[in-house]
Amino acid sequence: MTVGEPPSQPPGQPPGQPPRDPVEARLDFLRGRAMPVNHDARTISALAANPGCPRRALMDAAGVHKHEIAKHVGLPAPYGLSPFARSRGNAFEALVKDDSASLLLALLRQHIGLDIASAHYEDLSRVGAGESTNLRHARTRQKLLGADPGTHTMFDHPLLRLKVGGRYAFLEPDLLALHHSGRWYVVEVKSFAIIDGQADPEKVAAAAIQSAVYVHALRDLLGTDPSTGANLVHHETILVAPENFANKPAAAKLDVRKQLGVIRRQLNRIASVESLLDAYPEDLTFDLDPDPDGRPRRAPGELRGAVETVPANYAPECLATCELCFVCRDEARAHGDTGALGKKVREDLGGIETVPQALGLARGALAPAPEREEIAVKLRHAAQVWEQLTGQAV
Amino acid sequence: MSQLTSLARLLAVETGRAQPTKTVRHVHLSDRPLVLVAAQLAGEACAPLGALIGDDRARPRLLVVYEPRDRTQRFAWAAAVAETVLGYIDGYAKEVPDQDPDPEARPETGTPKPEPAADAPQLLVPNPQTAGFLRLLGRSTRFRSTTGEYAVPEAVPLLGRWLTYYSERTEVTPSALLLQLTAVLADHWASGQSATEDVLLGALVGWIDPPPGLTGPQAARVAEDPVRCPPAGPVTDPGWDNDVLEPMIAAVRAATASGDAAALARVQTAMDGALWSQLRPTWDLTWQGIDLLRELPEAAHVAARWLDDRKSFTSTVAWIRQGGAPQPRRDGAVSAARRLARLEREQQRLAVERAFDDPLVLAEYRLTGEAFAGRVTWRAPDRLDQSGSRAVPRPLITLATEDEVIMDEGTVLKSPVRPRQKAVLTEILPPESPGGTTFVTLELTSGMGRGRTPQPGSIPAFGEELTYTSLSDDFQPPAKFPAREDTPWTHGGPPQEYVPTDDDAREDWS
Amino acid sequence: MIGSVAETIEAIERRIDELRVAVREAVLAGDTALATAQRAQLSRAEQAWEAELAAIAEPPRSAQLTQRARPAQFIEPAQPAQLTLPAQPAAPAGSLLPLREQVYEALSLLQVPAAPKLIATVHEAFFGSTFPTTRVTSLKRDEERSFRAAPFARPYYICAALSADYLAPSRGLLAVSTWPLERRMIGSLSPRVDFLTAAIRVAEAIERIPEPPSAARQLLQRFAQSIPGAMPGASTAPATVKPATVKDAAAAELTVHTDADDRARREAAERARQLKQPEQLFGTASFREIAREAGE
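Protein chains in written order, with our numbering: chain A, 1 to 394; chain B, 1001 to 1510; chain C, 2001 to 2296.
To be clear, the hints were calculated from the coordinates, so they are not data collected in a lab. Please note: incorrect hints may appear among the correct ones.
Only pairs whose alpha carbons sit at most 27 Å apart, straight line, appear in this in silico DSS-like list of lysine-lysine [stated by the list, open to error]:
#1 A:K253 to A:K203
#2 B:K1094 to B:K1311
#3 A:K378 to A:K343
#4 A:K344 to B:K1022
#5 A:K203 to A:K343
#6 A:K248 to C:K2247
#7 A:K344 to A:K378
#8 A:K143 to A:K163
#9 A:K378 to A:K258
#10 A:K143 to A:K253
#11 B:K1022 to A:K378
#12 A:K344 to A:K203
#13 B:K1422 to B:K1022
#14 A:K248 to C:K2117
#15 C:K2247 to C:K2117
#16 A:K248 to C:K2242
#17 C:K2242 to C:K2117
#18 A:K343 to B:K1022
I would like the entire structure built from these sequences, with the hints used as guidance.
Have a look at this one:
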C-alpha cells in the first residue's frame, strides 16, 4: 500500500480559468483536498484569545478542519455540545422570538427606549431550501443598507459577511435592532441564566466578544453617519438570557468597546497571513489524502511533522478554545516548555523557556546568559531553600 | 508569591509525580465529612439530574431525578436530599442546647452567645462547580412556601437555608465548613501540569497518587478521557448525554405518557445504573483525595479557625430554631461592603497563620523579601531601656542570613518560634557581594515576661536558626460602617426588609 | 446465535457497559464500521437484559415498587414519589374533528394569520383539545397538494400568509383561504398588528365564557406580558390579568400602527392579485424575483 502523497499541484483549479490570487492558491494547497471550514463568530472570537499563534493563524486562514487533523494524529480533543444544552438553547431562542418576537420587543422598548411606532419586523432567514448563502447575504445587505428607522425596526437572522485572512466568514447574529434615532444595536440571545442580576462571568465574556464580532462586521457594512461621523452601530450590545431559574427572558447591555479594539487588532494581524506563508516551504500541506471512502491515508507521523513545521504558541488557555490543543500540548511537553505550565509559572521563572534549563540554573549546573543572571540567582536561592526545608535535593 | 510552588512544579514534571508544597494540612478535615457528588442537566441554571451523598465511602445514597424538567419530581428529589443532608446536620445540631435569653445579660452586648458546639458538620464537594451548584440549589429552594398552591415538602426550604448558609460563609471568611477538594489538593501539592488542568479532579489525583504502574502524567491523561473517567460534575460529558442519557429520558417520557408502569420501572432502574456509572468514579476519587489529606498532620492554627466555624454553626442553629427568615436575594450596600472588608481581614489573618504554621509557606515570603532565615551571631541580652519610669528589657540580637533582606529599619518582625515576641529591625548590614551574607540587628520589645529580667529562653541563643517575618496577625479593629438604615443614598439608600411573597413561592424553576 | 439464557443479569449489565465504552471509543476514533458492529451487539445485549428482567421481575401489585434489581451498594431509600406514575391530569376528550377543522376553528377565533404553536394553544384553551405542532406544520403542505389535485373543491383551505415584499409564503404562518387577501399579506408591521389583534380576540373570547379555563387565562397573560399597559400592578399571576385591560392596551397601541400597516397590506394585495393560483394561496417560490431585487 502506498503512503498517500500530498497533491503536487493546487487542487480544484479548473482549467481555462484565470489564475487565482497566489496567496489564496497557497492557502488552498495548504489545506489540501478538504472543503474549507468557514469562520464564524466563535472562531473569530477564539482568535482573539491567542493572537500570537502562527499555527492557528495559518490553519484558520486556510480553512483547515483542525479537529480532523488532531483526530488523525491520534490526539483528538473532546469537543461537543450536549444535546440538552443545544435543545435548551434552541427552545429559549424560540421563546424569545415567538409571537413575532413580542417578548423581545418588550425588552428592547425597555432597554433601548424604542418608541411605540417602532415595531417593524423583517425575517431575513433562508427563503427556500435552495437559496445560496451568497444570495441570502446579498438580500441582507440590500435590506440593511436601505433601512429607514421610520419603517424598519427588527431584523431577524440577518447574514453578515466579513473577510478574514483572505476568506469570507458568514456571520449570523440573532437579531439587529434599528432605533428611531438611526442607531443600530446587535442583540444576542443566550441560554445561560442571569440569577439575581448576575451571570457566569466567563459566559458573559464569551457573549461579549462574540457580539463584538457582529458589531465589527455590521460597522464594516454600514459605516458611519455622514453628518456626524459617529458609528451607526452602537458599542453596546443587548444580551437576552433567562432570568433566575425560569424561562422568562431578561436583557442586559454589554459595553464591547474593549473587545472591539482587540478584534480589530487581531483581524489586522491575520490580514498579513501572506508574510506568514513566506516562512514555510511551498510544498507544505496538511492534506489528509483521503481514500475513496474518505478515510485519511496520510501517515500520521508525517502529518504531525507537517503540523509541527509551523510553530505554535501553546498555553493552557488553548484547552478551552482550540481543537488542536492536545497536539500542541503534547509537543510543548515533549520540549519541556514551561509555557505549558501556565503564564504565572513562566513569570515566576523569569521567562526561562524550558524545564531542564530552569532546573539546571536552579541546581547551579548551567551557567546563565548575562540577561538571565538575576533570575538564576533567585532560582538557586529557591532551590537551596527547598532543599533545606524538604531534605530533598533539587 | 509562588516561586517555590513553581519550582515544585518543575520537579513534578521531571519526576512524573506531584510534589508536596506544604508540610501540614491547613484545613480542618472532619472524621466524618458529608460528601456530595452531583450531576445536572446541561444547559439549565440548576436542573438536578442526580447525586451521590454520604458520610461513609461504602454507603453512598443515590438520588435520581428521572424527568429533570418535572417540577414535582425535582422537589421530591430536593426533599430526599434534604432528608440526607439535614439528617447529617441534625446529628451535630442536637448537641447544641436551647438557649433562653439570660436575664442577667448586659443590655449592650445583647443576647449572650450559646456555647459553641463540640463539632460541626462539614460538607465536602469535589470541585468549585459543585459548590456553585449547591449555592444555586440553595437559592432556588430557600424561598419556597410549604403551603398553598405551589407548596413544596417542608424540608425543602430548610435545606435551602442551610445550603445558602454554607455557601455564603465561604464568602466572608476562609471557612472549612464547605470544602472543595480540587482547591484544597492544589493548595497542598504541585502537579506537573498547569493550574487550569488541576481543576480536573481525576487529573490532579492522578498526579498526586497515580495507580500502580502509571506515572502522574499518564494517570492524568486517562482522567481526561470522559469515557474512562467521567467528569467530576455537575456538568456531564456531552457524549454521554447524547448516547446514554437522552434516549433514557425519552424512554421515561414515553413510558409515563403511555402509562406503562413496568416499562417505567425498567428504565428508571437503567437510569439509576447510568447515573451510578457517572457519579461513582468521582465519589471514589473524592474519598481518595480525603485519604491523601488525612495523611498530613494538622497545622497548629486549624483548630482555632475550626472553633470559629463551630461558633458560626451554633449561632446558625439558634437562628434556624427561631424560624429565621431566608437570606435576602441581594446584599444591601452596607452589608456587602462589610462582608468584603471582613473577608479581606480574615484572608490576611489566614495568610499569617499559614506562614507561622508551615515553614514551606514562610519560605515563600523569604523569596519575596517579607521574611528571612538566619542564625544568631551576636546578642546583647541585658540591654535595658531606662528612659521611662521603669526600666524595661530591650535586648539586641544580630542574625546572619543568605536571604535577601529588603525591609526598612523600624519594621516590626516576628518569628513562629516566639509568636508573642515583637522584634524591631534596627540595622541592616548588606553583603559585600551578591549572594553573600547580610547581617540584621533586631531589638526585642516584648514577649519576655514582666520585670527587668527577661524570662529564661525568651531571648534567642547563640547559633539559634530562626526565621523572622514582617507578616503580622495583630488584631485590627473592624472598619466603621454606617448602620443599615443609614445607607447613603449614593449606595441605594436603606435596603428594604425582606418579606417573603407569593411570587417567591411561585417562582418558576423550570 | 442463541442467547446465553444462563447469563446472569449482572453479567449482561457488565457486558452492556463494556459495549457502550467500545461504541464510544469507535465513534471517537472515527471508525464507523466498527461502531456500527458494536452498536448492533449492544442492542442485542440490551434486549437480552430486558428479557432477563421481565423473567425475574414480579408483576407489579400496584404502581408502587419498592424492591428493584439494583446493585447491593445502593442504599434503599423510600422514594415512592419517583416510582409511581405522576398523577395524570384528566386528559381532555380528544376532538372528533379532523385536524384541518380544528385549525380552522382556532384561526376563526383569532381572525389573523398565526403560527402553529399559537393555533394549538388557542385550540386547547377554547376548544378543549390540543394537537402536536408538527402535525400542523405538515398540514399546509397537505392542503396545497389537495388544492392542486382539485382546485376549490373544498369550501376553505388552510393556506399561507404571504410576505409583502416577495409574496413568498411567510415562514410558519397559517391563514384561511376565505379571508380577504389583505388580511393574508404580511408587511413589516403586520406581525405586531396581528399580535395585538389576536390579543383582543382572545380577551373577547374569554369575556364570553363564564368560567374561563386556566389555559385560556395563561394565554391571555402571555399576550399581556408584551403589551404596554396590559398588566398594571406588580403581580404577574395569570388570575390578575383582566381581559378589558388587555383589550384597551392593545387597541391603544394598534392606533399607532394600523394606518401604515393597512397601506402596506393593500399595496401588497394589489400585486398578489396578479398571481395565479395556487401561488396566490400558497405563495411564490420564485428566486428570480429575489435575485433581481438584490441586484445580483
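Cross-check of the supplied hints:
Between the alpha carbons of K253 (chain A) and K203 (chain A) the distance comes to roughly 14 Å, so the proposed pair stays at or under 27 Å and holds. With a CA separation close to 15 Å, the supplied pair K1094 (chain B) and K1311 (chain B) stays within the 27 Å bound. Using a Cα cut-off of 27 Å, the hinted pair K378 (chain A) and K343 (chain A) holds, with the two alpha carbons roughly 18 Å apart. Only pairs whose Cα atoms come within 27 Å are accepted, and K344 (chain A) paired with K1022 (chain B) is accepted, the gap being roughly 19 Å.
The hinted pair formed by K203 (chain A) and K343 (chain A) meets the criterion: a straight-line CA distance of about 22 Å does not exceed 27 Å. The straight-line distance between the Cα atoms of K248 (chain A) and K2247 (chain C) is roughly 23 Å, inside the 27 Å bound, and the hint therefore holds. With a CA separation close to 16 Å, the supplied pair K344 (chain A) and K378 (chain A) stays within the 27 Å bound. For the proposed pair K143 (chain A) and K163 (chain A), the alpha carbon gap of about 20 Å is at most 27 Å, so the pair holds.
The hinted pair formed by K378 (chain A) and K258 (chain A) fails the criterion: a straight-line CA distance of about 37 Å is larger than 27 Å. About 25 Å separates the Cα atoms of K143 (chain A) and K253 (chain A), which keeps this hinted pair within 27 Å; it holds. Distance restraint check for K1022 (chain B) and K378 (chain A): the Cα-Cα separation of roughly 21 Å lies within the 27 Å cut-off, and the hinted pair is therefore satisfied. At most 27 Å may separate the alpha-carbon atoms for a hinted pair to count; K344 (chain A) and K203 (chain A) meet this at roughly 23 Å.
Under the criterion of a C-alpha separation no larger than 27 Å, the hint pairing K1422 (chain B) with K1022 (chain B) is consistent with the structure, at around 26 Å. At most 27 Å may separate the alpha-carbon atoms for a hinted pair to count; K248 (chain A) and K2117 (chain C) meet this at roughly 18 Å. Note on K2247 (chain C) and K2117 (chain C): the hinted pairing holds, with a Cα-Cα distance of about 22 Å set against a maximum of 27 Å. Distance hint between K248 (chain A) and K2242 (chain C) is fulfilled; the C-alpha atoms sit about 21 Å from each other, no more than 27 Å.
Among the hinted pairs, K2242 (chain C) with K2117 (chain C) is consistent with the structure: their alpha-carbon atoms are about 23 Å apart, no more than 27 Å. The hinted pair formed by K343 (chain A) and K1022 (chain B) meets the criterion: a straight-line CA distance of about 22 Å does not exceed 27 Å.
Checked against the numbered hints given earlier, this structure breaks only hint 9.
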